[in-house]
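A.B. asks: Residues per chain, in single letters:
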Amino acid sequence: MASLFQRRRSKATQTERVRERRHEGFLRYANFRWAKISGGLCLLIIVSYALIDVTPRPNGGSWYGYTLGTIGAGLILWLTALGYRKRKMTSDHWSLKAWTSAHVYLGLSLIVIGTWHTGFQLGWNVHTLAWVLMMLVILSGLYGVVVYSTLPAALSNNRDEMTQMQMLEAIRAFDRQLHAAAQPLTPQDTAPVLAALDEDPFAGGIMARLSGRYPDCATAAALRALGASRSSDAGAREKVVGLLSQKEVALARLRQHLRIRALLEIWLYVHVPLTFALIAALSAHIVSVFFYW
Amino acid sequence: MSFILRRISTTKTGKQIVRDQPLPGDAITLGREGSNVIHIADLAVNPHHATITSADGRHVRVQASEGLGFDFNGRTVDAADIDSAAGAELRFGGHRLTIAREDEKIILLVERIDELSQSSKDVDEAKAFSLAGVMPGKRMGAWVFGVLVLLAFLIGPIWAWYSYHDVDERPQGYHADQAWLSGPLSSAHKSLTNDCQSCHVEPFVAVTDKACVGCHTGEHKAMSMAHANAPTAMLLAARHPPGVGERILAGFAKTFNKPQGRCVGCHTEHEGAGPMPATPQKFCADCHDGMSARLIDAGFKPTVADAADFGTIHPEFRPLVRPSPGAKPMRAMPGKGALVDYDGLKFPHDLHLQATGGVARMAASFRGRYDFGNKLECENCHRVESDGVRVKPVEMERDCAMCHSLAFETVGGVTRTLRHGEPDQVVADLMAYYRSTPPTRPLQLGGMERRRPGNYAEGQVYNIYFREVAVRPNRAEDAVRAVFSKGGACYDCHTIFAPQAGTGWRVMAVDQTPRFLSKGWFDHDAHKETDCADCHTAARGSKASTDLLIPGLRQCRDCHVGEGGARLVKVETATESPCAMCHEYHSDGGKPWMPARQRKVNSAAITNKPLRATYGVSMVTGSAERGLYDVTWRTPALHGARRGG
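Chains A and B supply the protein sequences, listed in that same order. Quick note on numbering: the first sequence equals residues 739 to 1031 in my numbering. Quick note on numbering: the second sequence equals residues -12 to 632 in my numbering.
By construction, these hints were calculated from the structure, which means they are not laboratory data. These numbers were taken from a predicted model, which means no experiment stands behind them. Be a bit skeptical, because a hint or two may be false.
[Said to hold, decoys possible] Below 30 Å or equal to it, Euclidean Cα-Cα: the simulated DSBU-like pairs (lysine-lysine) are:
(1) B:K333 / B:K506
(2) B:K379 / B:K515
(3) B:K114 / A:K824
(4) B:K114 / A:K826
(5) B:K578 / B:K506
(6) B:K114 / B:K(-1)
(7) B:K269 / B:K557
(8) B:K125 / B:K2
(9) B:K515 / B:K362
(10) B:K114 / A:K835
(11) A:K774 / A:K835
(12) B:K245 / B:K269
(13) B:K379 / B:K530
(14) A:K826 / B:K125
(15) B:K473 / B:K379
(16) A:K977 / B:K108
(17) B:K288 / B:K323
(18) B:K557 / B:K578
(19) B:K125 / A:K835
(20) B:K362 / B:K473
(21) A:K824 / B:K92
[Unchecked claim] Here are a few chain B residues that sit away from chain A, every Cβ distance over 12 Å (derived from the structure):
(22) S(-11)
(23) I(-5)
(24) R19
(25) D29
(26) V97
(27) M127
(28) P158
(29) M221
(30) G322
(31) E382
(32) S423
(33) R454
(34) P501
(35) G507
(36) G577
Every residue, glycine too, gets a C-beta built ideally from N, C-alpha and C.
All chains should be modelled from the sequences, with the hints used to inform the complete structure.
C.D. replies: Right, here's the structure in full:
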């Protein structure tokens, strides 16, 4: 008996090794097992909806609607549990990868479950609010899946084998050099350099982070000002200008890094809070149905 | 008097090294340029920023030289006088100059207190490089959104319910529980939109019939008579065995206390604005499809045949008929011989509807006086009621007397007729006629010429005339007999009973059934585009009035198919017909209710025969000479079904 378990375990380990070697992500986990299950579920719902004649008309209150609604509500709670699962280290069959794969594909199937649960009756009420929130959560999650599969490559290309602290350190180095090199400059010229030194590389709101555009960038402004200035010693100024443009490049790399990270992270700021708004709306939806039964 | 410049540097291990350096001269210059006595490598400091002097070796004056001041006690000033014994802190750019007094000497301590640049500051890598630095936290967002939604859509509506739970009628305006409205109310209940509690009286209790009856007093019986009189066990046995879906629904209903058989079971609300939808066929067919077998199994005697869909499974009609002369009306049993209905009249439809022959020629001769054509049509004798639903009983004076005249005498241009429906009066009138009027006087008896003897001889004029005068009253008996006997005016149409002891001439009572199909509703008005003979197919060949000319199921199915379009025969103009098109549930025998939008018949095909109404010219306008052809066309195919039925 013990040897049997051992064999199974060793086989499982072997399969896991193969997966590791081929770097099987959560999307293609177990040869798209959850994609198939979820697709089959959607197909079943769409076909049965077309075949079953629900009276008096399809909506959430028919037996078919109740069934879909129960499945959907359970699914929403289970999908939310990913946040709990990912914080918990376990070593059993439900690997986090498997869980995430199921989360993504079953979450997508919720589009069909939830929408077909409505019977396509939508209006300005809490019931449709729950549906809208659900769709927003799913769409933000879909965005997350897409950026997770496309943006990390761009992130890696941009960092050019630097860590993010090394990027910051490069800027610091340029700042020190700038500070030293700018000493001979006239006060008129030092002001823009000082502003450039005073600039926080992490400044800028969410819009600047997402767009990667910093129109008020002090480094760029200093570069422009010193390029036009004639007041200081030309040699010292030239050195400062060279350092400023180098800093600008380093800053651009950091900002691009920040932008890609923002694009990678922003969906979670929609996904997670709206999930809880959805659970609140779902509770109101279910309570309202039974309250005014 | 001397100034000491103190510099403090910190080793990596945190040890501080203090170096003091006496400064030459009375005036100490301070600036970024190397020529200053105190050289501060700080871009925020001017090349020649300030001069520090002391007149008495104790009080220090700091004077800014190039317009850019310094910070002293939090304020930017251009000059400051400081008692070194008291000490002071001045700030030049990112550096701090501390003035103190030790051993009669003025100590100037210069330290960099600001970072060289903003980027040099320490950062929390996890926070600075992620969005956490610029976005409110996810946890915070989750709480805020969650609480807001719960407040607006759960607490608010419950509060709205609680505020008005013992109020009869809510005030107008928005109430939070309107957010729970699952769909618009039907037009009849539209005014209740912001008063959820008018129907949902108790929380977690499904809408009760009591809430309906609160307003619908009287006009709605809870059930039709047939259903109300049936034992509950029988009604339960009639229901079809539940499928998977219905078991799920029943499970939900049972678990969450949603009783079945309430008004709202059929009259579903929140299904969209506009009239409440008619109850679909399935609500009837759920029981009536295959019901008799289930009833027999359960030990009940079924009284109605199975019906599932008008197009496929529907029993043959059972019109009310009188199976023998003078019998009481009873429902016919189709399939047991030809259907007969004794209404007491003799009326061969075939004779009257012939295109040629005596009747047709007589009708043609009356053209202009009556609305006759070249021959008689059904509508020449059969008139519909004012609402168009049914056909009026035939009335002799109105519908027959155009041809079947009962006139017997003209007095001064006025025609006297026998009284219809009163045989005793007829007898009396004929008697009086024969008694009061002499026979026509021969011409020979007129004039003033001398009368010759011999004219009184038998066979002569006088003899004939005066004998006639003498016996004339006795002729009345013959005339009466003739009227009531074969060949007479009454006998043609009525069954006559000859006088017996104590009675005179009697005519059999005529019973025209006003409504043959009492369980279903038929509206002639809805079918007025159709020729009578299209449905009453047997009329043209009917030789006796006992033939029942009510159309059967077969004729209806020429156009009417099941609710879902099911049919057994080929149909050109398919009219989808749910049960509720003909059957009324609550008031047995009444007109079935149907929402206006469904009154327009859902025709799936267009008949290939254009209706007469579409090309019949209704009016020619304009003067006779010009614009003769400006015609107003009748609106085509305004089907009567739009107006109900």
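A.B. asks: Now look at each hint and say whether the structure bears it out.
C.D. replies: Evaluated hints:
1. B:K333 / B:K506: Between K333 of chain B and K506 of chain B the Cα gap is close to 28 Å, so the pair holds against 30 Å.
2. B:K379 / B:K515: Roughly 15 Å between the alpha carbons, so the hint for K379 of chain B and K515 of chain B holds.
3. B:K114 / A:K824: Between K114 of chain B and K824 of chain A the Cα gap is close to 20 Å, so the pair holds against 30 Å.
4. B:K114 / A:K826: Holds. K114 of chain B to K826 of chain A sits at ~22 Å (cutoff 30 Å).
5. B:K578 / B:K506: At roughly 10 Å apart (the allowed maximum being 30 Å), K506 of chain B and K578 of chain B satisfy the hint.
6. B:K114 / B:K(-1): holds, 27 Å
7. B:K269 / B:K557: Roughly 24 Å separates the two Cα atoms, so the pair holds.
8. B:K125 / B:K2: Violated, at about 44 Å.
9. B:K515 / B:K362: With Cα atoms ~20 Å apart, K515 of chain B and K362 of chain B stay inside 30 Å; holds.
10. B:K114 / A:K835: Holds - the C-alpha atoms of K835 of chain A and K114 of chain B are around 26 Å apart, at most 30 Å.
11. A:K774 / A:K835: holds, 16 Å
12. B:K245 / B:K269: Satisfied, since the Cα-Cα distance of roughly 20 Å is no more than 30 Å.
13. B:K379 / B:K530: Holds, at roughly 22 Å.
14. A:K826 / B:K125: holds, 19 Å
15. B:K473 / B:K379: holds, 29 Å
16. A:K977 / B:K108: holds, 24 Å
17. B:K288 / B:K323: Satisfied, since the Cα-Cα distance of roughly 21 Å is no more than 30 Å.
18. B:K557 / B:K578: The given pair, whose Cα atoms are some 29 Å apart, holds under the 30 Å limit.
19. B:K125 / A:K835: holds, 23 Å
20. B:K362 / B:K473: Given pair K362 of chain B, K473 of chain B holds - Cα atoms ~26 Å apart, limit 30 Å.
21. A:K824 / B:K92: Status violated; Cα separation ~66 Å.
22. S(-11): Holds, since 28 Å exceeds 12 Å.
23. I(-5): holds, 20 Å
24. R19: About 6 Å separates R19 of chain B from the closest Cβ of chain A, which leaves it inside 12 Å; violated.
25. D29: At roughly 8 Å from the nearest Cβ of chain A, D29 of chain B sits no farther out than 12 Å, so the non-interface label is violated.
26. V97: holds, 16 Å
27. M127: violated, 8 Å
28. P158: holds, 19 Å
29. M221: holds, 23 Å
30. G322: holds, 33 Å
31. E382: holds, 46 Å
32. S423: holds, 76 Å
33. R454: holds, 89 Å
34. P501: Non-interface label on P501 of chain B holds, nearest chain A Cβ at 35 Å vs cutoff 12 Å.
35. G507: Its Cβ never comes within 12 Å of chain A, the nearest being 23 Å, so this holds.
36. G577: holds, 22 Å
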